[in-house]
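Colleague: Single-letter residue listing:
Protein chains: 2
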Amino acid sequence: MAKEEEKGECGGWKEKGHENGVCTADASAKPITGDENPQPPGWFAEYSPLWPGQAHFLKIERVLFEGKSQYQHMIVLESTAYGKVFVLDGALQLTEKDECAYQEMITHLPLCSIPNPQKVLLIGGGDGGILREISRHSSVVHIDICEMDMMLIDVYREFFPEVAIGYDDPRVRLHIMDGSEFLKSAQVGTYDAIIVDAFDPIRPEHEIFGSPFFETVAKALREGGVMCIQAESLWFPSLNLPKLIHTFRNIFKGSVSYAWTPVPAYPSGVIGFLLCSTEGPHVDFTRPANPLDHHDAGSSFGVAKEPPKFYNAEMHSASFCLPSFARDCV
Amino acid sequence: MAKEEEKGECGGWKEKGHENGVCTADASAKPITGDENPQPPGWFAEYSPLWPGQAHFLKIERVLFEGKSQYQHMIVLESTAYGKVFVLDGALQLTEKDECAYQEMITHLPLCSIPNPQKVLLIGGGDGGILREISRHSSVVHIDICEMDMMLIDVYREFFPEVAIGYDDPRVRLHIMDGSEFLKSAQVGTYDAIIVDAFDPIRPEHEIFGSPFFETVAKALREGGVMCIQAESLWFPSLNLPKLIHTFRNIFKGSVSYAWTPVPAYPSGVIGFLLCSTEGPHVDFTRPANPLDHHDAGSSFGVAKEPPKFYNAEMHSASFCLPSFARDCV
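Residue numbers (the numbering used here), protein chains in the order written: chain A, 1 to 330; chain B, 1 to 330.
Warning: the hint list may mix true and false statements.
A pair holds if it fits inside one copy or across any two, identical chains being indistinguishable in the list.
Straight-line C-alpha distance at most 27 Å; calculated DSS-like pairs for lysine-lysine [said to hold, decoys possible]: (1) Lys-253 to Lys-309; (2) Lys-309 to Lys-243; (3) Lys-243 to Lys-97; (4) Lys-68 to Lys-84.
In short, the hints are calculated from the structure, not lab data.
In isolation and in its complexed conformation, chain A is listed as follows:
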């Protein structure tokens, strides 16, 4: 290897016989400067505060809608690569191209892990895509959803009808209210499964952990009931998986597992899920006890017009296999 003092104008390459080597910079170069978060015209750029110094850029064909509810700012974009895109307060929520991955996994990972789910609560998920997925389960008799923002639902209904179609299921009861408030008055042991799609992201230092929110989730579940919540990306340096799992084990008292799945429009191209069960019949999240493949999928049950595009029983189990850097710390 070239030593420091051997470096000429080309970091040592000419000296080593690389006649074609032309060097314009070396390790002594000064730091380069640029915009902290550039926003080139005609492109949507999402910067994740969880992993600064990178961004996913989408070329935009048209702005289809921009509006502000009493809670949040919404944009619907037509993108070149991902079809329609919904942006909430500057953060990409879903795209037509890859919403299947997130919606199917956050729904079927918990619902396929327990036999015969009947009562399900969804907190957030106002787009309706998770409702569409719950709807595939013929065992389900009742679906509560708490979404605070009626305007968000209406915008999804207009621009993403294949996602918002979940609201058409007659088992759905829509509660326009804060999920935390709803849970305070929920009867103990009511639900077989609770899916939380309300805040982004989940971190042990998040303010939600200082509140009794997850305790009320655990109480609202029956014994051996399950919760699923999105949980960052394995690639984020900020993800403290051992601490996250320890925290949730203390709250839910049953099994706790972490899964991940590719979603290309999300920062780092993957999203994680945390799955917890309460004390009671043991839940092994890694093996679907209630595989969707074998009964409902592909049949006409529920409101979805097409069978699942992403989820299947093999993907279910595979999503719990973690790379060594993560596996060895849980």
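Guided by the hints, dock chain B onto chain A, whose structure is given.
Modeller: Showing chain B alone in chain A's frame:
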């Protein structure tokens, strides 16, 4: 849903009682314009010709090296989020943060699928990371590598010593030449495994398919020998998986499988691998016959200073589980 004629200044939201709704655009908006491929100062942007209209942006702290060999243009960047980054002719090759995923998977997927691999050929892979991973296999007695560009090797040796450490394995024989030329004179049935890390990307319409390249790869393998090559992203609209598998099945005559794994710095956040075996003892790529976990990993065998960060036997099998949109077409 709001009908077209009901839309006022706010796409119908005010009419529906959303007093806070403020709309600045609707579906009748004209297409917006912008740079085709913006390059904000201080950021590296990679645009994939395989999936236009999106880009992965990395914030750059310093340019550590820029040079040109007789074959290609190279840049080494210090990035904020991924550590050092190597860019070849404008395309990101590897980053310090996530090179483990690509190097470990492209190596151990083939080598752990057959018992007792002894002779291995690597075409391309001049950075040395795949050599570092092959080096973990104690059964291997001989490793040939064909890399055309000596300057590329030297740049990796200087700036990525933990990657280029693979060259330090005494079983390695470096051939500075074109892999196609090397294969023409290779003895029939020589190798247990051949790893191709030379061109990007692999598509049935690629010029390499009109050449006898893959036939020479198949001939150089022993009966029941294996080849692994990177094979795009499942998310790319251009990936024609059935055609790809059909083409390779005709050439290699044994089993053909497709795997995928997350690599956040690559376009769409994942990379695929195509694995083929020649006629002879059947190879089931999905179940490691030679699991690295159980003997070499974590031991001091080979030149790597640390055990694998990403690969393990569970990740091996999981990488062959495909989402329904892909599984149902192979």
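Colleague: Hints first: check each against the structure and report whether it holds.
Modeller: Hints versus structure:
no. : hint               : verdict
1   : Lys-253 to Lys-309 : neither (33 Å within a copy, 30 Å between copies)
2   : Lys-309 to Lys-243 : between (33 Å within a copy, 20 Å between copies)
3   : Lys-243 to Lys-97  : between (33 Å within a copy, 22 Å between copies)
4   : Lys-68 to Lys-84   : within (18 Å within a copy, 41 Å between copies)
Hint check: a violation occurs at hint 1 only; the rest are consistent with the structure.
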